[in-house]
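Engineer: I would like the entire structure built from these sequences, with the hints used as guidance.
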Amino acid sequence: MPKPTSELPDNHVMPNPRHEKRTYRYFSAADKKRILAEADACAHGELGELLRREKIYSTQLQTWRNQLATAGETGLENATVGRKPSKDSKDKAIDALQRENAKLEQRLQVAEGLLELQKKPSRYWIT
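First residue of the sequence shown? That's 68 in the working numbering, and the numbers climb one at a time after it.
FYI, nobody ran anything at the bench for these hints, they're computed from the structure. You can trust all of the hints, since none of them are fake.
Derived lysine-lysine pairs resembling BS3-like cross-links, with alpha carbons at most 25 Å apart:
{"hint": "1", "residue 1": "Lys170", "residue 2": "Lys159"}
{"hint": "2", "residue 1": "Lys157", "residue 2": "Lys170"}
{"hint": "3", "residue 1": "Lys170", "residue 2": "Lys154"}
{"hint": "4", "residue 1": "Lys122", "residue 2": "Lys100"}
If you anchor each label on the Cβ, the simulated ranges turn out as follows:
{"hint": "5", "residue 1": "Leu171", "residue 2": "Thr147", "range": "35 to 41 Å"}
{"hint": "6", "residue 1": "Thr130", "residue 2": "Arg150", "range": "21 to 27 Å"}
{"hint": "7", "residue 1": "Ala178", "residue 2": "Gly149", "range": "42 to 48 Å"}
{"hint": "8", "residue 1": "Thr147", "residue 2": "Lys122", "range": "22 to 28 Å"}
{"hint": "9", "residue 1": "Lys159", "residue 2": "Val80", "range": "53 to 59 Å"}
{"hint": "10", "residue 1": "Ala169", "residue 2": "Gly149", "range": "29 to 35 Å"}
{"hint": "11", "residue 1": "Arg119", "residue 2": "Lys154", "range": "42 to 48 Å"}
Cβ atoms here follow ideal geometry from the backbone N, Cα and C, with glycine treated the same way.
Structural biologist: Shown next as structure tokens:
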């Protein structure tokens with residue numbers, strides 16, 4: 068005899084699609100400064116409520132405080148994503164000028180060599 072089908076048990080949890088994919092949160096420098104100011108103004112025991120409301124960890128506050136202390140407000144800016152360029156535009160321009168300078172020096176050496184060749188036969192022909 069086949070087993071009868073049953074409803075979902077009481078302890079079964081239906082997944083919430085909102086929680087299926089977690090996304091990384093980015094805070095702007097203004098948000099970080101605001102949260103740090105609120106955290107500094109918190110009385111004893113109120114910091115946990117602030118952390119829960121902002122959905123952050125205490126280690127994030129500590130990291131932001133360190134960034135603010137070492138690099139100032141620019142330290143709170145979000146870093147750019149991706150590989151860092153090996154050279155910036157100034158370095159690329161310097162490299163291009165150095166290559167052009169090397170080519171011009173080579174052309175100068177060739178021109179000077181041709182001038183020396185032109186001088187030598189005239190010395191022998193005069194005598």
